[in-house]
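One-letter residues, chain by chain:
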Amino acid sequence: MKRDLPRGDDAAAAARLAAIRAGDRGAVARAITAVENGHADAAALLAALEGDLGRAHVVGITGPPGAGKSTLIAALVGECTRRGRRVAVVAVDPSSPLSGGAVLGDRIRMSEVAAAEGVFVRSVASRGHAGGLASATRGIVDLMDAAGFDPVIVETVGAGQSEVAIAALADTSVVVTPPGLGDDVQAIKAGILEIADVLVVSKGDSPLASATVRDLKDMLRLRARRGAWTVPVVLTAATRGEGVAELLDVAARHAEACGRGRRLAGAVQPPGPHDAAARVATLARQDAFLRHCALELLDAGPGRATLAMTVGAEHLNFNGTCHGGAIFALADSAFGLASNSHGPVAAGIEAHVSYHAAARPGDRLVARAEEVSRNARLATYRIDVTRGDVRVASFGGTVYIAARRHAPREAATPAAGARVPGPSS
Amino acid sequence: MNKPLPDPVPASLDEARVRWAAEYAAQLPQDRETRNRSGIPVKPLYTPLDADPSRYDEALGFPGEPPYTRGIYATMHRGRTWTQRQLIGLGTPRDYNARLLDILDKGATAVSLIPCNSVYRGYDMDEVYPELLGTCGVVVNTADQMDTCLDRVDLATTSCAMNDPLPFTLLAFMLATAKRRGVDWRDISGTSNQSDYISHFVANHMFFRIALPGSRRVLTDHVAWCNAHAPRWNPVSVVGQHMQQAGATPAEAMAFTLSTAIQYAEDCIAAGMSPDAFLPRFTFFFDISISFFEEIAKFRAGRRIWARVTRERFGARDPRSWRFKFHAQTSGVDLTRQQPLNNIARVTAQAMAGIFGGLQSLHTDAYDEVLSCPTQFGARIAVATQNILREEAHLTDVIDPLGGSYYVEALTDGMEERILATMADVEAQGGMYAAVRSGYVQKRIGESARAFQAKVERGEQTIVGVNKYVVDEDASARPALPKPDPSLMRSHLAGFARWKAERSRDDVDRALSALARAAQADGANTFGAVVDAAVAGCTHGEICATLRRELGFGQPLVVV
Amino acid sequence: MSLRPKVLVTKIGLDGHDRGSRIVAAHLRDAGMEVVYTPPWQEIAAVVKLAQEEDVDVIGISSLATDHLIVPRLMHALRDAGLAEVGVIVGGIVPDEDERALLDAGVARVFHPGSSLDDIAAFVRDLAARVRSARFPA
Ligand SMILES: Nc1nc2c(ncn2[C@@H]2O[C@H](COP(=O)(O)OP(=O)(O)O)[C@@H](O)[C@H]2O)c(=O)[nH]1
Ligand SMILES: [Mg+2]
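Residue numbers (this note's numbering), protein chains in the order written: chain A, 1 to 425; chain B, 426 to 985; chain C, 986 to 1123.
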C-alpha cells in the first residue's frame, strides 16, 4: 500500500525540528517563546527533541542580587568563545510582583560578548516563580541543548533560599558570593550554599575578597563532603578576566566527575537538605495530579514543602466559594511531598482537616507542610493553608514509612510533561 | 541694603502674622501643598520671622567677599556683564566659521564650538554612517580643519569654549593652530567645557569615554599640563548640566557637581599639585530650569558652599580659588515641541533666573532646539533675548537684586541644607568617583527623573501645550530644519581622505606610539602626548582609538 | 494564551541621552510588560541579533540627537534577518519631514516629546498583540 504523504503540518514540524537541531537562531528563539508561553504545540516539540538531550553541560549560576553573576557569565561566555565553543545563556530576572512586568537587565552586562555568532542569550522573567527560576526554564535549557549549545549557562537570582530548582536543573551549580559577607556567611550557610557544587567569590579585585575565600573554606571544612566531589572555592575578578578560565575548568571537572544531564536522570546523591529539596522538586514533576491541579511548588526542604494554588472558576462549589475538596487536595499534596522529602517512600494512612475561612476566585492559597514528629516507621505533619494573613484551613496527617527509597526515574517521563505548570500568566 | 530688624522681633509682628495666618486659612481652607523640584516645601508667605538677621555677615556678606552668596565679584554685572556664549556648530568647518563670524558680529563676545556627535564619540568622519555627520555639530577631525573653523578669529584675544571631552583633541588642534599662527600658548584662554568625565558616566550622553581609572588619569594630566603650558586656559569645567538634564533635581545637580569638583581637586592634590595652583581655573557649568526661584537659590547656595569647601577642606589661600565661577545654559529639557514659539518665553524666564543667580557666562537655547539643531533664525532670537534682558529690562543695574528677599534667603538656606545632605550621602559612598562606579548616583537621578515625569503625567506639574492649554496645531507650520548640505559633506569627506593619504605616515605613527607609551608609563603626561600628536598630523579618531586601546573603553554603567 | 508583550528598548547611533529610554523601559515594566533594556550606542547588527534571540514583539528606539536618521538601516537589517513582522516605534526628537521618511520605512509610529507614557504603553500593547497573532496564528 502506498504510504500517506506527510501532511503539510508534519512537514513544517519536521523542518522546524531540523532547524532547531541545526542551531538556527530564529527557530530556536521562536520555539523558546512557545515553551515560555505554554503554547499548545510546545509539549510535542519538546517530546520530539528528547533524544537530542544530555549533551550540553548545564551550569547554573546563582547568588544574591548584585553579586556579579551577569558580569561573570559575560566573562565565561567570552572565554568559551575563545575556546571555540558555542554557548547559550538563559538569564532569569524576577518579575515585578505588582505589575507582573520585568526589566530584563542581565543581558546589559553581556552586550559585548553577546554579539558573537556562536553565542545565544535569552532573557526570561521569573513570572512569579520561587526558586529564582521561571517554570519554562527547563524547557528552554532542553531546546538549547538540542540546538547543540555547550555549555548552557543559567543565571538565577538567589535570595538565600529556595534554590531547589536550579540544583535540580543544572549539572553544576555555581553559587556566587560577593566579598565581605563576614558574619553573614553564617546566614547564607543554611541556604544556597547547600546546593553549591562550586563556590565563587566574585569581585576579586576588592580588598575583602581573599578574607571571604578563607571564611568560606573554613565553613566548608565543617561540612560533610558530597560524595567524591570536594566543593572548591574559586576567586574571580570578572571585570579583569581573572579566575574565569579556572572557573570554567573547575566546572568541566565537576561535569566529568558527576556527569551531565542531571535534570534528565536525577543523579543519586547522599542525603542532605539540598537533596531533600531537589527530591521534592523531582517528585512534584512526576505527580500527574499536581500537574492537573496546577499546583505550584514554592519551597521545599527536609520534612517540609510549600505549594500554592490560585482559585479559579473550576474550583468553585454551588456557593461560589472554593470547594473543600480542592483545599484538601492542595494540603494533601504538600503533606505528600513533605513526608517523602527524606528519601524513603512514605504513604499516607490518615488525614483530617478543619476549614476556617472561605476562599474566592482569584485568591492565592498557600499550603505549608511541616514535620511534627518522625520515627523509623511513622511521621506526622501539620499543614496550614493560608490566604495572605488569613488562615483558611488546618490539616493534619500521618504517614507510614516504607523500607523502599525513591529511585528517581525522571527520564522516563516525557520532558514536556515533566514540569509543574506555573500560574497561567 | 537691608534695614536691620530690631532685636528682639516686636511682639506686634508675630501678632500680625497670626492674624494673617487665620485670615489666610479662612479664605483658603483647602490650600495646596507646594514643593519645589528639589522637594523643599514652599510656604505661601515669608516674613522677617523667616530670617536670622544676625547671620547677615556670615551667610551673605558683600559681593566679592566670602561666602560670595551675593556674587563673586565686587562689581558683578554692573562692572562686566556675563559672557554671551552661544554654542554653535553645524556641518563642515567652513559652515561653522561663517556662522561663528555672524554670531560674533551680532554681539556674542566669545567663541564656542560644538563638534558633531561622531567627534564626541571619538570617531573620525569616515568611521560612522554618513547621514549622522554634521547634524548637530561641526565635523572637525584635524588641526587643519580647526584652523578653518577659527579662520579670522584672533586666538590671543578671544576666549574659546571647547566642548571637548577627554582626551581634549579639539584643544590640542587649537593649540596646533596657534602654534602655526605664531600665537603664544600662554595667551590662549577659554575652557575645556566637557572635561567632567564623571558627569559623562552619570548621564550617558554622547561623549567618548575611556574606562574610569584611565579617565581619571587623563584629566589629572590635563590639569597639570595646562598649569605648565597654558595658564590662562581653564582645564576643568564641572558640569552639573548633564545630571540635571538626566533628571537630577536642582539640589541634587548642585550637590553632585560640588562632590565631583571635590573629587577632582583631591585627585589633583594627590598628584602633587597645590590647591591654589589649579582651583582658580576650576569652572562650573549648570542647567537653568524654569523653576525660577529654586534656580536662583541653587546658585546662591552653591557659591556659599564652594567658598567654604575650598577654604576649610582644601586650605586654599588665594581668593580666586574660593570663587564659584559658572557658565549656565537654559535647560532644553523644559522646552516643548508643541507650540515651539512658547519656548522663547521659557528661555527668558530661565535666563532671568540665571542672571539673578549671578552667572558669569550664559547660553540661551534657541526656541527650535527641541525640534532638532537650532536654525540661524532661532539662534539670533536667543542672542537677542540676552541683549533685551541686559539693556532693555535693566536686570543688571543692581547687584544680587533679590538678596534680602525673605523668600529667596530662606530658600537659599533650604537649598543649602538639601545640597549638603546629598553631598554627605556621596561622601558616605566613598566620594563621587566611588558613588558613580557603584551606580549609586545614577540610581538616585533615575528615581528623581521618574518622580518628575509622574508629576507631569498626573498633571501636578503643568507644561503648557503638553498637559494643559493644548491646542490643535498644524504640524506643517513648524519651521523646516536645516540639514548639512550632503554634497558639501561629501566633499568634506573626500578632502579628508585626500589629506590622510598625503600626510607623513611616519610622523603619525611615531606620534601615536609615543602617545601609547605615555599612556602605559605612569610618570608621563598623556595630554602632552595628545598635543604632540595633533601637531604631528594625527586625527581625532586615531588619538581616541589609541587611548581606548591602552586604557580601556568606558562601558556605560546602566541602572534602570 | 499568555500575552505579556516582550519589548526591546534601545538606542542606536552616536548619542547616549538615555533619560527617556530609561523612563519608558520602567513604565512598560510597570504596565506589565517584559522589557529587555540595553545601554546606548548599540550597533544595528547587535540589535537585530538581540531582537531575534529574545524574540521580541516590539522594538522601541529612542533618539534625541538625529540618530533616527539611521533607523531605515535598522528596518532593512531586520527584514534581511527575516524579522519584518517585528513592530518598531521611535521616540524622541524627530522633525516632521523625517517622521514621514521613518513611517515610509516601516516604523509603526513616532512618539514626540510630551507623549504620555500611558499612550505609549497602550500602543505597544496593541502592536505586540498584532505581531504575536501574526507569528502564532491560532
Ligand atoms: N569591582 C568589580 N565589580 C564587579 C565585578 N563583577 C561585577 N561587578 C559589579 O557588580 C555590580 C553587579 O554586577 P552584576 O553582574 O549585574 O551582578 P548580578 O546582579 O549578580 O548579575 C556591577 O556594578 C558590576 O560592575 C568584578 O569582578 N569586580
Ligand atoms: Mg544579573
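Worth flagging that the hints you see were computed from the coordinates, not collected in a lab. The beta carbon of each residue, even a glycine, is placed where N, CA and C say it ideally should be. Treat the hints loosely; a few may be bogus.
Unchecked claim - EDC-like, lysine to aspartate or glutamate: derived pairs with alpha carbons at most 20 Å apart:
(1) K925(B) x D957(B)
(2) K908(B) x D1083(C)
(3) K217(A) x E246(A)
(4) K604(B) x D957(B)
(5) K908(B) x D1081(C)
(6) K880(B) x D1015(C)
(7) K908(B) x D569(B)
(8) K893(B) x D1103(C)
(9) K908(B) x D1103(C)
(10) K925(B) x D527(B)
(11) K908(B) x E1084(C)
Said to hold, decoys possible - If you want the ones that stay clear, here's a sample from chain B, every Cβ over 10 Å from chain C, calculated:
(12) A447
(13) G464
(14) R503
(15) S543
(16) Y554
(17) H630
(18) A671
(19) A774
(20) V795
(21) L796
(22) A874
(23) R875
(24) E882
(25) D931
Cross-check of the supplied hints:
no. : hint               : result
1   : K925(B) x D957(B)  : holds (17 Å)
2   : K908(B) x D1083(C) : holds (11 Å)
3   : K217(A) x E246(A)  : holds (17 Å)
4   : K604(B) x D957(B)  : holds (11 Å)
5   : K908(B) x D1081(C) : holds (13 Å)
6   : K880(B) x D1015(C) : holds (16 Å)
7   : K908(B) x D569(B)  : violated (24 Å)
8   : K893(B) x D1103(C) : holds (16 Å)
9   : K908(B) x D1103(C) : violated (33 Å)
10  : K925(B) x D527(B)  : violated (31 Å)
11  : K908(B) x E1084(C) : holds (15 Å)
12  : A447               : holds (42 Å)
13  : G464               : holds (19 Å)
14  : R503               : holds (38 Å)
15  : S543               : violated (6 Å)
16  : Y554               : violated (5 Å)
17  : H630               : violated (5 Å)
18  : A671               : violated (5 Å)
19  : A774               : holds (19 Å)
20  : V795               : violated (6 Å)
21  : L796               : violated (6 Å)
22  : A874               : violated (5 Å)
23  : R875               : violated (6 Å)
24  : E882               : violated (6 Å)
25  : D931               : holds (32 Å)
Going through the hint list in order, the structure does not satisfy hints 7, 9, 10, 15, 16, 17, 18, 20, 21, 22, 23 and 24.
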